[in-house]
Amino acid sequence: MRKLKRLFVSASFIAIALLSINTTQAQTVQIQKQELPKNAIEFLDKNFTKQTISYITQEKEWFSTDYTVVLEDQTKIDFDKNGNWEEVENKAKGIPTDFILPIISKYVTTNFPNTQIIKIEKDSNKYDVKLSNSLELVFNLKGNFTRIDD
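The sequence shown lines up with residues -26 to -1, 1 to 124 when you count with mature numbering (1 follows the signal peptide of the UniProt record, and there is no 0).
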């Protein structure tokens, strides 16, 4: 009887562990543009009007949802759950700069005139900007240059 009880308890722990692993994994599904948050749709309509969407994915984790839009020209745009852009990247041809703070765009064109911005990433306290010459620049949230990242 004790062996049966131990077996049952062990099996229960294993089942709970497997279920918890499964629920913590991200679930990624393909979605349509109209399923994006309003801010993301407006961002795409304003800044990428001439581009065709290749595909959109929604990644749901336990406490967060993220969206990735890939355009036919291989531009990749990541949005948070509210549709705010977090990262825009196109290593092949660079990205448009209309949505980037003017002070950042001006700094890049003034100090690195023969380069393109190929990636910009925004987080809670800074912008990381990667240039076509492989330099990575860091700006504060006001757009002021702080340093070159190694």
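Keep in mind that a hint or two might mislead.
Said to hold, decoys possible - DSS-like cross-link-like pairs, simulated, lysine-lysine; straight-line CA separation at most 25 angstroms:
no.: 1; residue 1: 55; residue 2: 34
no.: 2; residue 1: 93; residue 2: 116
no.: 3; residue 1: 100; residue 2: 24
no.: 4; residue 1: 80; residue 2: 20
no.: 5; residue 1: 50; residue 2: 24
no.: 6; residue 1: 96; residue 2: 24
no.: 7; residue 1: 12; residue 2: 55
no.: 8; residue 1: 93; residue 2: 34
Source of the hints: derived by calculation from the structure; they are not laboratory data.
Going through the hints against the structure:
no., hint, in the structure
1, 55 <-> 34, "holds, 9 angstroms"
2, 93 <-> 116, "holds, 18 angstroms"
3, 100 <-> 24, "violated, 29 angstroms"
4, 80 <-> 20, "holds, 20 angstroms"
5, 50 <-> 24, "holds, 15 angstroms"
6, 96 <-> 24, "holds, 24 angstroms"
7, 12 <-> 55, "holds, 10 angstroms"
8, 93 <-> 34, "holds, 24 angstroms"
When each numbered hint is compared with the structure, a violation occurs for hint 3 only.
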